[in-house]
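Those protein sequence lines, which keep their order, are chains A and B.
Take the first sequence: its position 40, counting from 1, is numbered 44 in my numbering, and each next residue is one higher.
Take the second sequence: its position 38, counting from 1, is numbered 42 in my numbering, and each next residue is one higher.
Hints in this document: simulated from the structure, not taken from any laboratory.
Treat each hint with caution, since some may be false.
A pair holds if it fits inside one copy or across any two, identical chains being indistinguishable in the list.
Here are the computed lysine-lysine pairs in the BS3-like style, where the Cα-Cα straight-line distance is at most 25 Å [claimed, not checked]: (1) Lys92 - Lys65; (2) Lys65 - Lys35; (3) Lys35 - Lys79; (4) Lys49 - Lys65; (5) Lys92 - Lys80; (6) Lys80 - Lys35; (7) Lys80 - Lys49.
Protein chains: 2
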Amino acid sequence: MRVEALVRRTPVTISPGATIRQAAEVFAREKIGLLVVASSISPVKAQAVVSERDIVRAVAKGNALGAQLDTIATKKLVSVKRSDRASKAVRLMTENGIRHLVVENDDGTLFGVLSIRDFFREAKLLQGFLRDESKEFHGVD
Amino acid sequence: MRVEALVRRTPVTISPGATIRQAAEVFAREKIGLLVVASSISPVKAQAVVSERDIVRAVAKGNALGAQLDTIATKKLVSVKRSDRASKAVRLMTENGIRHLVVENDDGTLFGVLSIRDFFREAKLLQGFLRDESKEFHGVD
Numbered sequence: 005m006r007v008e009a010l011v012r013r014t015p016v017t018i019s020p021g022a023t024i025r026q027a028a029e030v031f032a033r034e035k036i037g038l039l040v041v042a043s044s045i046s047p048v049k050a051q052a053v054v055s056e057r058d059i060v061r062a063v064a065k066g067n068a069l070g071a072q073l074d075t076i077a078t079k080k081l082v083s084v085k086r087s088d089r090a091s092k093a094v095r096l097m098t099e100n101g102i103r104h105l106v107v108e109n110d111d112g113t114l115f116g117v118l119s120i121r122d123f124f125r126e127a128k129l130l131q132g133f134l135r136d137e138s139k140e141f142h143g144v145d
Numbered sequence: 005m006r007v008e009a010l011v012r013r014t015p016v017t018i019s020p021g022a023t024i025r026q027a028a029e030v031f032a033r034e035k036i037g038l039l040v041v042a043s044s045i046s047p048v049k050a051q052a053v054v055s056e057r058d059i060v061r062a063v064a065k066g067n068a069l070g071a072q073l074d075t076i077a078t079k080k081l082v083s084v085k086r087s088d089r090a091s092k093a094v095r096l097m098t099e100n101g102i103r104h105l106v107v108e109n110d111d112g113t114l115f116g117v118l119s120i121r122d123f124f125r126e127a128k129l130l131q132g133f134l135r136d137e138s139k140e141f142h143g144v145d
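Working from the sequences, and respecting the hints, build out all of it.
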């Protein structure tokens, strides 16, 4: 399975000049866990990312919420190509302890964001657990 | 597989009188996604939950960060018993679109929090994806 088969929606981007509060507004509205910081002029390339956790950390530190997003954004991107194998994405998430990956087209432009939830939706994984249940139900161990 | 086999750590609780900012501090320190609002006097029972997303929403709405946590906490708990099947937890998360569940002991006291990540760590799930890769490597489809 390739990464591109798992990505469910077009990525939500935000300009580097936006504020922390504006980012929080986008998170609340879009119900996503990762925002890609990018210029809106194509070709769109990910410059940085901001997670919900980054917003929470800013609150914890008492940062001004009107401060520019790039004061809290992560510039070191962890990304995969859309044509990469899903197993590579699993490995990167696990190794880096993160829940989202930036997914790029093969030319390095932004394709989307892969979330740990996207894997979870994948029928095969759910089936593993449902199979367990069925085994228990039928008394097999 | 039972829920209790998947829960990895003791739950992190916070008092209902804490502020939104204090909750953000706990999230940042503990690297968790869900805080259980509970009195610290045993027997500890979950009264409500606060997610990282609730903090982000409070920022988006411009809530005062010194306000009490119970202004943003979710009182309607989605929970499982520690002895419930993992498949029930999967179903509850999927149906409710949530990433965490409160896990109770059979007497209703707090056992822990189950995160979508706890499933992901489970070797069986990872193996599914790694097996896919291996098949592709060997040219099987």
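Okay, the hints, checked on the actual structure:
no.	hint	result
1	Lys92 - Lys65	neither (34 Å within a copy, 38 Å between copies)
2	Lys65 - Lys35	both (24 Å within a copy, 14 Å between copies)
3	Lys35 - Lys79	both (22 Å within a copy, 20 Å between copies)
4	Lys49 - Lys65	neither (29 Å within a copy, 29 Å between copies)
5	Lys92 - Lys80	within (18 Å within a copy, 38 Å between copies)
6	Lys80 - Lys35	both (23 Å within a copy, 19 Å between copies)
7	Lys80 - Lys49	within (13 Å within a copy, 41 Å between copies)
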